[in-house]
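Could you put the whole structure together from the sequences, leaning on the hints where they help?
Just so you know, the sequences run in chain order A and B.
Quick note on numbering: the first sequence equals residues 1 to 346 in our numbering.
Quick note on numbering: the second sequence equals residues 1 to 346 in our numbering.
Note that these hints are calculated values from the structure, not bench results.
Be a bit skeptical, because a hint or two may be false.
Unchecked claim - Dumping the calculated DSSO-like pairs for lysine-lysine here, alpha-carbon to alpha-carbon at most 30 Å:
{"hint": "1", "chain 1": "A", "residue 1": "Lys321", "chain 2": "B", "residue 2": "Lys251"}
{"hint": "2", "chain 1": "B", "residue 1": "Lys52", "chain 2": "B", "residue 2": "Lys163"}
{"hint": "3", "chain 1": "A", "residue 1": "Lys321", "chain 2": "A", "residue 2": "Lys251"}
{"hint": "4", "chain 1": "A", "residue 1": "Lys163", "chain 2": "B", "residue 2": "Lys251"}
{"hint": "5", "chain 1": "A", "residue 1": "Lys52", "chain 2": "B", "residue 2": "Lys52"}
{"hint": "6", "chain 1": "A", "residue 1": "Lys321", "chain 2": "A", "residue 2": "Lys163"}
{"hint": "7", "chain 1": "A", "residue 1": "Lys251", "chain 2": "B", "residue 2": "Lys321"}
{"hint": "8", "chain 1": "B", "residue 1": "Lys163", "chain 2": "A", "residue 2": "Lys251"}
{"hint": "9", "chain 1": "B", "residue 1": "Lys321", "chain 2": "B", "residue 2": "Lys251"}
{"hint": "10", "chain 1": "B", "residue 1": "Lys321", "chain 2": "B", "residue 2": "Lys163"}
{"hint": "11", "chain 1": "A", "residue 1": "Lys251", "chain 2": "B", "residue 2": "Lys251"}
{"hint": "12", "chain 1": "A", "residue 1": "Lys163", "chain 2": "A", "residue 2": "Lys251"}
Quick caveat, the model's predicted, so the values are computed rather than measured.
Number of protein chains: 2
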Amino acid sequence: MATIHDVAARAGVSPATVSRFLRGQRVRSAEAIRAAVDELGFQPNLAAQSLKSGRTRAIGVVVPDITNPYFAAVVKGMESVSRERGYRLLLANTDESAEREAELLAEMARQVDGIILAPVTEHEEAPLELRDSGVPVVFIDRDLADGESFDAVLVDNLEGGRKAAEHLLALGHTRIAMISGGQESTPGRYRRAGFMEVLEAAGIEMPPELDLIGDFREERAYQLTLALLSLVEPPTAIFTASNLTTLGTLKALHDMRVDIPGQISVIGFDDLDTGPLLRPALTVVDRPMVEQGVLAMRLLLHRFGDEETQDLPRRIVLGIKIIERASTAPPPGPHGPATRRTGRNR
Amino acid sequence: MATIHDVAARAGVSPATVSRFLRGQRVRSAEAIRAAVDELGFQPNLAAQSLKSGRTRAIGVVVPDITNPYFAAVVKGMESVSRERGYRLLLANTDESAEREAELLAEMARQVDGIILAPVTEHEEAPLELRDSGVPVVFIDRDLADGESFDAVLVDNLEGGRKAAEHLLALGHTRIAMISGGQESTPGRYRRAGFMEVLEAAGIEMPPELDLIGDFREERAYQLTLALLSLVEPPTAIFTASNLTTLGTLKALHDMRVDIPGQISVIGFDDLDTGPLLRPALTVVDRPMVEQGVLAMRLLLHRFGDEETQDLPRRIVLGIKIIERASTAPPPGPHGPATRRTGRNR
DNA sequence: CTGAAAGCGCTTACAG
DNA sequence: CTGAAAGCGCTTACAG
Numbered sequence: 001m002a003t004i005h006d007v008a009a010r011a012g013v014s015p016a017t018v019s020r021f022l023r024g025q026r027v028r029s030a031e032a033i034r035a036a037v038d039e040l041g042f043q044p045n046l047a048a049q050s051l052k053s054g055r056t057r058a059i060g061v062v063v064p065d066i067t068n069p070y071f072a073a074v075v076k077g078m079e080s081v082s083r084e085r086g087y088r089l090l091l092a093n094t095d096e097s098a099e100r101e102a103e104l105l106a107e108m109a110r111q112v113d114g115i116i117l118a119p120v121t122e123h124e125e126a127p128l129e130l131r132d133s134g135v136p137v138v139f140i141d142r143d144l145a146d147g148e149s150f151d152a153v154l155v156d157n158l159e160g161g162r163k164a165a166e167h168l169l170a171l172g173h174t175r176i177a178m179i180s181g182g183q184e185s186t187p188g189r190y191r192r193a194g195f196m197e198v199l200e201a202a203g204i205e206m207p208p209e210l211d212l213i214g215d216f217r218e219e220r221a222y223q224l225t226l227a228l229l230s231l232v233e234p235p236t237a238i239f240t241a242s243n244l245t246t247l248g249t250l251k252a253l254h255d256m257r258v259d260i261p262g263q264i265s266v267i268g269f270d271d272l273d274t275g276p277l278l279r280p281a282l283t284v285v286d287r288p289m290v291e292q293g294v295l296a297m298r299l300l301l302h303r304f305g306d307e308e309t310q311d312l313p314r315r316i317v318l319g320i321k322i323i324e325r326a327s328t329a330p331p332p333g334p335h336g337p338a339t340r341r342t343g344r345n346r
Numbered sequence: 001m002a003t004i005h006d007v008a009a010r011a012g013v014s015p016a017t018v019s020r021f022l023r024g025q026r027v028r029s030a031e032a033i034r035a036a037v038d039e040l041g042f043q044p045n046l047a048a049q050s051l052k053s054g055r056t057r058a059i060g061v062v063v064p065d066i067t068n069p070y071f072a073a074v075v076k077g078m079e080s081v082s083r084e085r086g087y088r089l090l091l092a093n094t095d096e097s098a099e100r101e102a103e104l105l106a107e108m109a110r111q112v113d114g115i116i117l118a119p120v121t122e123h124e125e126a127p128l129e130l131r132d133s134g135v136p137v138v139f140i141d142r143d144l145a146d147g148e149s150f151d152a153v154l155v156d157n158l159e160g161g162r163k164a165a166e167h168l169l170a171l172g173h174t175r176i177a178m179i180s181g182g183q184e185s186t187p188g189r190y191r192r193a194g195f196m197e198v199l200e201a202a203g204i205e206m207p208p209e210l211d212l213i214g215d216f217r218e219e220r221a222y223q224l225t226l227a228l229l230s231l232v233e234p235p236t237a238i239f240t241a242s243n244l245t246t247l248g249t250l251k252a253l254h255d256m257r258v259d260i261p262g263q264i265s266v267i268g269f270d271d272l273d274t275g276p277l278l279r280p281a282l283t284v285v286d287r288p289m290v291e292q293g294v295l296a297m298r299l300l301l302h303r304f305g306d307e308e309t310q311d312l313p314r315r316i317v318l319g320i321k322i323i324e325r326a327s328t329a330p331p332p333g334p335h336g337p338a339t340r341r342t343g344r345n346r
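As structure tokens, this is what we get:
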């Protein structure tokens, strides 16, 4: 591998001059150096650059599960921005383990210029230590309990929960269940809080047997849905608080041959690839995904002064919308499914 | 940040001794050094280590699209192995662009100890140059035209194509379409070749209007499916050669109100999260995903001597199986859908 | 087992 | 604008 010394020798200048040329400074022998670089196929040694400069040009990205389509999309957005700006992306998966997350962050602190993190819970020490060590951190999707002091890209989970509740109320449901995500995470709490808020304002209280706390995973949602079905009086609608939760619930309803939305309406949080293909097509609360990743990376680079964008807010909260498809409908009447159902369930 | 010198001073030894201790050699002052490391929270500077050793302890992973559930799963497998072994994972996305891929590989060659690559086409120069530069490369999912000389983890695409054809033949189909992936990629070619081979052996020729070449993406599959439907004599079965292809075809059939499998049977390649939830549930050719990633990473580390595993073959080809669900059934008879249909399409 | 020293490939104040 | 020199934080033959 050619070094800067080889280039210097060939171009008849000193290594310092080559270095200056490479950093974009004006030098007299620019042409000769350019030629030498090309002929030798010179590429700077990143380890040497980073040892000298103290900067790694690498960004750590820590997510709970890259196979979750939401995080895959977010990472895609991050990758496109980081590559464009000449940063490398170090990917790490925590498998929803706070312990692994803490280890990863401690390791990464020395190896990257900044970190984008979707924390497992909102009660964590690791990110605080990170901040103390001076590594910029941007949160995505999830926040810390005292999150106000960190940069973050989030969606309006509270509003998402509210809209789901409003949608079900408008259809006439009163016996409504929710399968929430873990309450120690921001999306888990806020989606539930928004949902409850609207129900309560409408004078509907959600009894404990309908207010179920899951973990954002499919298996638990499956089990909880079976529990809902075994109630003396099952709900007429379920709000599932994440894409995997929705899958678990749909599988349970499917296995138990429950008619959606004839017997039970379902509204999910996060669209699925196959959302429009399901029968009935799935009604969901939808949010930007790739865009969140793009913004998070830009926010982080902004901290380094590598992003020209002026006045990016330190916390970005994106809007959320409902996609009404066919899995929600008015509740069944006393003598069976509401007649409106057939019309909606094409 | 504490350096090895700080630790040495505190422990009353030389930096060389600290370095030896950290590398696992026996030293007299082990206890004092351990204490100093803990007290100072010392972590070695990777840039310095890598500058000195010439090794980066980083692996480059280059995939066409991280939001494709197949690649997300593969990357998850890779990440778990690399973290376990103390390697960092650098993720890059090519967006199916051979040009971007070439750039990425050239950059990475200097920055990583090895690369795992899902190449965009089988006719590429970049990986060959990589090999010349001495960086170990392992292919995953896709191969080069002269691939025999590279390590690789693949699935038996030929067999996958064959099994899909056998399944459709066994159901009685004779007018059968396939929407292939790009023929410049190994999976695109082999899946098609296996499929055609079995049809031909059965005396069925696939006319050009049923032998459609897509690009593994959803949009093109959607358009090609519409074309199939506009034929004077549409097929009674379609084999879609990838997960996204399947989505495009299902959406087209759905939009055109085609009854699956009453009018047309569909068998896909790669299962979908929602495969069992679709109505009808989707019949697919299924293959290991996370496991492919795990094996690819182990294969690569093996090249470094970092993986104890003995005798890992240089090329691993994993088996493939069919998951029979409800989207395939016998073709409709002259007077409408086959009667068997109702029974299968629960 | 241990330490002094050289060197990995860059960058950058310093002096010219 | 340019070059000589020091130094980023490690590792490792070399000598003891």
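> Of the numbered hints stated previously, which ones are contradicted by the structure, given in increasing order?
Replying inline: Violated hint: only 2; rest satisfied.
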